[in-house]
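Once you've looked at the hints, dock chain B against the given chain A.
Chain by chain, the residues run as shown.
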Amino acid sequence: MKSKINVGVIFGGRSVENEISVITAQQAMAAIDTDKYDITPIYISKQGRWYTGQALMSSDNYKDMNRLYASCDEVYLRPVYGDNRLYKVRKPLFGSDVAATLDVILPALHGTNCEDGSFQGAVEMTGIPYAGCNVLASANGMDKITMKMILAQSGIPVVEYAWFSDKEWFDRREEVVERVERTLQYPMIVKPADSGSSVGITAVHDREQLTEAVENAVSYSKRIIVERLVERLKEINCSVLGDYYECEASVCEAPVRSGEILSYADKYLGGGKSGKTGCGVKQSQGMRSTVREIPACLPDAATDFIRATAVETFKTLGCDGVARIDFMIDEATDNIYVNEINTIPGSLSFYLWEATGVSFTELTERLIDIAFRRKRDSSFKTTSYKENIFNYTISGAKGAKLGSKSGGKI
Amino acid sequence: MNAITVIFLVCYAPLWFAAVRYDTQMFQQNSYRMSRYARWYRRGNDWVRAVAIAALAAASLLPFVSQTEFCGVAALVMLLAAWRELRTVYKLPIVYTMRVRRLFITAALLTAAAIAAALAFAPRYMPATALGLLAFPIVMSAANLLNRPVEAAVARWYYNDARRILRSMPDLIVIGVTGSFGKTSTKHYLYRILSEKYDVLMTPGNFNTTLGVIRTVREHLKPHHRVFIVEMGAKQSGDIREICDLVRPSIGIVTAVGEMHLETFRTVENILRTKFELIDSLPADGFGVVNLDSAPIAANTATYRCPVASYAVDNAAADYRAVNIAYSPAETTFDIARGNETRTHYTTRLAGRGNILNLLAAIAVADRLGVSEAMQKRAVRRIEQIEHRLSVKRTAGGIAIIDDAYNSNPAGAKMALEVLREFRTDGGRRIVVTPGFVELGARQYELNRELGRDIAQACDMVVIVNLTNRDAIAEGLADKAFPDDKIRKVASFAEASSYLADRLRAGDAVLYENDLPDSFK
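Chains A and B supply the protein sequences, listed in that same order.
If you want this note's numbering, it's the 1-based position in the first sequence plus 106.
If you want this note's numbering, it's the 1-based position in the second sequence plus 95.
FYI, nobody ran anything at the bench for these hints, they're computed from the structure.
In this text the structure is predicted, and so the values were computed from the model without any measurement.
Each residue gets a CB set at the ideal place from its N, CA and C atoms; glycine is no exception.
Careful: at least some of the hints might be erroneous.
Said to hold, decoys possible - Some, not all, of what chain B presents toward chain A, calculated at C-beta under 7 angstroms: (1) S263; (2) M264; (3) S290; (4) D294; (5) H315; (6) P318.
This is chain A alone, in the form it adopts within the complex (with noise of 0.2 angstroms):
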């Protein structure tokens, strides 16, 4: 009886692409070897409720939520270094309250509250070892503004933009937006710092369609930027897989969208009106949906440096697991920029990987290896404060203490 590596596998989550990631979840527990791993499946409700039950591991049954909380055993993490149990809720008269034990945690979750560091956070206290970026790289890797800061310290070409607050809108309406048309030119476009999937985001060509968007924009975030539009857009796509320190880019896509923006009914929905795919698909199948492009046509040096732009990228933010990253080709000026970074892509880039040579199955054993390594590489540096046992006093020093309880160093 060989012992297997428990996986949680956690999705859902609080954010407006709560249904996305159950897709990108289920594709996920598909793919992972159950030889070597068991599963545990724990959706997080739009309520914020944990659940767990084997009835999670079927799509089907996400059309009648009600019956399928029904049918799991809502469940809790205590935030207790070192424990690393899944509790249900309602404890059983007899037997224990422990659901499963959980060996090493895969988030599949997408969007605020999930991807932005908060989810990360809680399972840090924990203790439990888990894939993906921490909490640092996951909430700069969502705020597109303290991303674009980094990145631009960093000398990794993004485009201009300028970035303001919500309440300072409300506020100082004028100034703000004197501000923008001083730092921009128009087409610009607008986005709220951290939501995902293009939700909120609005083209603007003057200073009406500017106003108008930030009002929609704000609804959704207290940050908000303003970038210049690059009108002549080409969209690459990169992946990258590994560590802070030793990492790898997959190839090249370029997703095909239908309006001026890849919209949210782009990414999920199979495409607009001239669907390549056939007409109406019947089931969204997440960002395999997506009409794309694998590999991307692109020049020989264009993919060179997209590729080594994003593994700069991803070392630069201090990410680790699966991320893809986002460029922009202006296609005037040929000139190449970083857009944003996904910490935890839709259907984590599977089919970028696929065409890279790195199977599903094998890209979930690389995210699991490097949670364990990241936690082992964290253990030692944990300085722990220790007593010594030797303390004394430099007669005539003002009873400075000798002995090492802060910590004394040499």
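Okay, now just chain B, sitting in the frame of chain A:
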């Protein structure tokens, strides 16, 4: 049963608890081995015993003395004695494991039965019986005897559980580490180096017995562990074979064969054979690593199933040799020569030749398991000193403390003194604080005298702790004409600390060599 008897019994209970707790504590420190405990007991005499025996004597005067008065006085004396004992702070206090609790329960039942019997048949002698039971560790020993079948069954259950867990992980690489000294350090270094590549579990702290290993397996071993490092200690022949039967190592390290625990082993040959039970147990496709600087190991001509690599600093015949060793106050650097190739520039914060040997052992295994040179160097550079094992600290007041307080032995002390001698003190004094070594059987006096001589040549001042080896060390110091006014004799480490507290100045270096459990005077 009258009021005075009740008062007597009520005052007796705390003393009973204090006495049984003390007996059990010392039994625990002697690894629950009756023979070891008996030997320890024969050596010492405690005030608790003295008081109890006195009470026993007093009780036998009972027919001639009024019982009420006697019980009254006895009650007060017992309370006082219990109070004193329960307030004593021990360096190694008792640990209330399940076994200890079972022992207490049986002991309580036995005592109750004895007292009840006394009350039934000879009520006048009940106080005498009660106190008599405490004069010697009768209650604890009897309880231990009665509990033996229970303990055996419990131990067997845990053993089988641990075995089941280990067999469910066929890909686990098990590495055994043993030796008279250096095994804990080697284990730590090996853990650190292998962790660059693998998820490693090691037996924690001093869990180097079969029971310790069983606990580690049941409580800490997880499916994602790829390597399991098992430190194997031996208090007698067959101990290591027992652990090997359970964990089935494929790689084994023997760090040294030296003169430790000579009381039980009697000869160095026995020690060698016991340590090499580890290498014996390795399969043909396994791998052994041994320290060729350890004379008994170098002289060993036996052959083994698996290939065995050797390491050394001095012995040129070794497979792995540390060369070009350079010590500076901040770090130590060395190169590793293996066959025709030399790998240069390993740096570490560890001090002392012993630690370099331990690193060599770990690196030999790391090579075997495919850890690259870059990974090895990264790990070696980052290895933290282990507290109490020749670790060097500088206090805020500029005093250097060389802490070698853990289970010392003659060879380890020589290395520590070497470090003290070569330590840069910028005009400060070199001071040694030590109680000497124990458990050296017939050679104890001689080896401690030699320690005294070594100390005389390495420092400016020495503080001898405890009675046990005081004379031997003093004589060694006198052999080398060490000035008397630079020798201080104290009864405990606490006393040594307060003595030095007023006298140390910035720039001084103090070496703490060995520390004895409370069971030693």
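Hint check results:
1. S263: S263 of chain B check passes; min Cβ-Cβ to chain A is 4 angstroms, inside 7 angstroms.
2. M264: 6 angstroms, holds
3. S290: Holds - the Cβ of S290 of chain B comes within 7 angstroms of chain A, reaching about 5 angstroms at its closest.
4. D294: For D294 of chain B, the interface hint holds, since the closest Cβ of chain A sits about 5 angstroms away, which is under 7 angstroms.
5. H315: 11 angstroms, violated
6. P318: 4 angstroms, holds
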